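K.L.:
Using the sequences and the accompanying hints, generate a full structural model.
Residue numbers (the numbering used here), protein chains in the order written: chain A, 1 to 416; chain B, 417 to 832.
It is worth saying that the hints were derived from the structure and are not from the lab.
No farther apart than 16 Å at their CA atoms in a straight line, the calculated lysine to aspartate or glutamate pairs in the EDC-like style are these: (1) A:K273 / A:D347; (2) B:K471 / A:E17; (3) B:K825 / B:E792; (4) B:K765 / B:E739; (5) A:K120 / B:D557; (6) B:K536 / A:D141; (7) A:K398 / A:D270; (8) B:K536 / A:D142; (9) A:K120 / B:D558; (10) B:K581 / B:D533; (11) B:K609 / B:E830; (12) A:K55 / B:E433; (13) B:K444 / B:E657.
Covered stretches of chain B, as calculated for chain A (at least 3 residues, CB under 8 Å): (14) 431 to 437; (15) 463 to 472; (16) 486 to 493; (17) 500 to 506.
Quick caveat, the model's predicted, so the values are computed rather than measured. Note that CB positions come from ideal geometry on N, CA and C, so glycine has one too.
Number of protein chains: 2
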Amino acid sequence: MALIVHKYGGTSMGSTERIKNVAKRVAKWHDAGHQIVVVPSAMSGETNRLLGLAKEISEQPDPRELDMLASTGEQASVALLAMALQAIGKQAVSYAGWQVPIKTDSSYTKARIRSIDDAKVRRDLDAGKVVIITGFQGVNDDGDITTLGRGGSDTSAVAVAAALKAAECLIYTDVDGVYTTDPRVVSEARRLKTVTFEEMLEMASLGSKVLQIRSVEFAGNYKMPTRVLSSLTDPLMPLEEESVSGTLISFEEDTKMEQATITGIAFNRDETKITVLGVPDRPGIAYQILGAVADANIEVDMIIQNQSVDGKTDFTFTVPRGEYTKAMDVLNDKVKANIGAASITGDAKVSKVSVVGVGMRSHVGIASQMFRTLSEEGINIQMISTSEIKISVLIDEKYMELAVRALHKAFGLENA
Amino acid sequence: MALIVHKYGGTSMGSTERIKNVAKRVAKWHDAGHQIVVVPSAMSGETNRLLGLAKEISEQPDPRELDMLASTGEQASVALLAMALQAIGKQAVSYAGWQVPIKTDSSYTKARIRSIDDAKVRRDLDAGKVVIITGFQGVNDDGDITTLGRGGSDTSAVAVAAALKAAECLIYTDVDGVYTTDPRVVSEARRLKTVTFEEMLEMASLGSKVLQIRSVEFAGNYKMPTRVLSSLTDPLMPLEEESVSGTLISFEEDTKMEQATITGIAFNRDETKITVLGVPDRPGIAYQILGAVADANIEVDMIIQNQSVDGKTDFTFTVPRGEYTKAMDVLNDKVKANIGAASITGDAKVSKVSVVGVGMRSHVGIASQMFRTLSEEGINIQMISTSEIKISVLIDEKYMELAVRALHKAFGLENA
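P.N.:
Here it is, written out as structure tokens:
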């Protein structure tokens, strides 16, 4: 007897047959006495089809008009799902973001949610209806449609759940949860029953792309229990079984602390490393280097600066592989001469491997165990970066899988 | 320097290339100093695709959800057209019906427009923007999306033009105007430069399906000069030429009266005739027969009742061919015994031919010339129905083309 929000991704909504399965699953939860709000994505392929049309018309389409266009995919989805529920005897009603309304700022194509009015939704839930709300979109103060950007439906679902003070937000997707690492790299990888919000943030940003990172932030801010689970199971599987499947992003660290120190091994194959050598070690130098890179809209991840020797230092940072050439050009053209650097070198074939876990806060020696494991495999560490709940190293890309497998085993992640 | 509304049908919006051509045409009008509002349909095929998805999900989809679904087609169109205009340097902004807002009643899938707020549109026009508004749809008092039914974009365009007191509403379509009759039947058929609102109503309802009939009614109620013209011409053709092309539905009868008495020959191949024989001639009998037919949602067109003989009469009416079997079943099952009719007969192979023209109001002898022409061709007239500006006859379908050609010639319609 709880209020629960379901979110279904584009694959789950990919055909009318699949939409009927979603309806069966929702009806099962409703039959059990729960109040259900559903936030579906557009049918898979639809958003790309629409953006493809825009691209045929204009190289740089106006963001306001792009949002007007792209939001139609989710609007069609909610109507189809309402019909599918009605066809199996459920009362259901669909709303576009502007109808709720879900108010956002005016940053078209990447808007941020400001407020959600729950009056209509509560009225319908109290009347016994399933309420279906478009993901990915809202409306600004001018009455223009806005979208939240790619993967925004996850954020919509968590935000709606928070606004309604739902008991849980269930994110149905095509994977069955969050794993200790990618099962394609380590076959012993194990599904996590729970993961903390902070770990999930580190796992998501490090490449375990199960949930859009903004939705995890939202879940964290509102302490909304959010479960990632599979929509590919039998829609009529017993509710007791389904309601504990997948991975729960939890906010109760206490239970967690007694478990393993390390939660998972994340990795990102797609890194490059750039080093500015022989930089005069004076105040403002980091800004002069990274400011120019940021101005070119290049995302920088790890950053280290060496101890200065004779008034000179080296400055190293990583950027995604797609931005490598652009970053090198910026440095050579705009930065090198200005700051009087000796030279600029780079390596486009590096990868990042991270161990993540809130448990490491209270356990010493995680870093040394990580470095020993890599050393025993003969893997050289090029850069190190640490936070409270993760340690990341940059290594030659050819050792990435080996490093992930070795660390997964060294920290005992294959055992439940 | 006038405010002009353009409406483009689904074929004109059928691909991104065609949308670019629409943008060129609109820009040409805007360049000439006019304020332009555009009402485009969904891309051709899109509405059918969406309704097909609905049908896969439910035999009888909820009308509210159908409107939520179907309205997305036009929303995508307006955004794409705005992008196409921006890509060639025009300022443009798109609005869905609910954003204007275009207020309607709550008759989902066949809503009627109640009011149109012109504030936003005027503000944008005054700022030099082309304003693009979704056809086919509006919003009711509950904030639900409604649609006006098939062909509703014509009605939207005329209604928007009326609300803005536009100088003219241009309906761009895949024909280049209204003809004296169907050129596929009579090769000498001639395009009409003007046609009155009442003639257009008769032409439309009689089968010259160029414009949705509700849009013609709207044009009539608001005396909105409306021009039907082709979108298949060169989008950059000289404005002076384009602005007098097609057919203007006018409201100035005086100029018209001096022209030909007959404007055109309309026809409908798709008729059937049903006769209830030996009906007791007492009050209420027509209602007992037609009420049952209307209750079954069957549209009745021509109706005649013969002079009563010995207290008995015959009652004849026409229904569309697709409804013939249903109508016969209703009469045999529910009506015949109740009213004590002798028998019910029908003919499923008849057609209707009509001469139409406001000129006939002031000219006698139109009917006799029509009947003489048909008689000279040996065509038997089965039913006759007249109004102030048209005379319709029902004939054997095999003579339909012959009748249309003979009448077109007899009334001299091939000469300008």
